[in-house]
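Based on the provided sequences and hints, a complete structural model is requested.
Sequential numbering from 1 applies to the sequence shown in my numbering.
Please note: incorrect hints may appear among the correct ones.
Claimed, not checked - Straight line, CA to CA, 20 Å or less: simulated SDA-like cross-link-like pairs of lysine to any residue: (1) Lys51 <-> Ser91; (2) Lys79 <-> Gln14; (3) Lys41 <-> Asp89; (4) Lys79 <-> Thr4; (5) Lys41 <-> Thr55; (6) Lys11 <-> Asn97; (7) Lys41 <-> Arg5; (8) Lys79 <-> Asp16; (9) Lys8 <-> Arg32; (10) Lys41 <-> Thr4; (11) Lys79 <-> Lys51; (12) Lys79 <-> Glu96; (13) Lys41 <-> Ile9; (14) Lys11 <-> Ala69; (15) Lys51 <-> Asn97.
Hints in this document: simulated from the structure, not taken from any laboratory.
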Amino acid sequence: MENTRQQKIAKQIQRDIAESLRGTLVTVTAVRVSVDLSYAKVYVSVFPFDKSQATLEVIEQQNRTIRGALGRRMRFQVKSIPELQFFIDDSLEYIENIDSLLKK
Numbered sequence: 001m002e003n004t005r006q007q008k009i010a011k012q013i014q015r016d017i018a019e020s021l022r023g024t025l026v027t028v029t030a031v032r033v034s035v036d037l038s039y040a041k042v043y044v045s046v047f048p049f050d051k052s053q054a055t056l057e058v059i060e061q062q063n064r065t066i067r068g069a070l071g072r073r074m075r076f077q078v079k080s081i082p083e084l085q086f087f088i089d090d091s092l093e094y095i096e097n098i099d100s101l102l103k104k
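Structure representation (structure tokens):
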């Protein structure tokens, strides 16, 4: 269970990364921050679904740039910026698949 500080930092990271990725068809769906605030798992949803792996690879290549931008935005809120690791959130694809199966 996350404490209030973790939740606030996670929401701030989610907003800032979403702002950094504006202009692409990528949505930051969730962020989970470790207890010591040194590590963050960022879950992204990509549209269209078939390009999600390629988009994730591009985001991973830009990880250092994204973390730097995040550092400039959050420099007065935390001592150190968490290490970021990105994951594909395929829940929307899963829901769409279940919906199509139910319609059959």
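Going down the list of hints, with the structure as the test:
| no. | hint | result |
| --- | --- | --- |
| 1 | Lys51 <-> Ser91 | 15 Å, holds |
| 2 | Lys79 <-> Gln14 | 18 Å, holds |
| 3 | Lys41 <-> Asp89 | 11 Å, holds |
| 4 | Lys79 <-> Thr4 | 17 Å, holds |
| 5 | Lys41 <-> Thr55 | 17 Å, holds |
| 6 | Lys11 <-> Asn97 | 29 Å, violated |
| 7 | Lys41 <-> Arg5 | 16 Å, holds |
| 8 | Lys79 <-> Asp16 | 17 Å, holds |
| 9 | Lys8 <-> Arg32 | 11 Å, holds |
| 10 | Lys41 <-> Thr4 | 17 Å, holds |
| 11 | Lys79 <-> Lys51 | 36 Å, violated |
| 12 | Lys79 <-> Glu96 | 41 Å, violated |
| 13 | Lys41 <-> Ile9 | 12 Å, holds |
| 14 | Lys11 <-> Ala69 | 16 Å, holds |
| 15 | Lys51 <-> Asn97 | 17 Å, holds |
Hint compliance for this structure: hints 6, 11, 12 are not met, and every other hint is.
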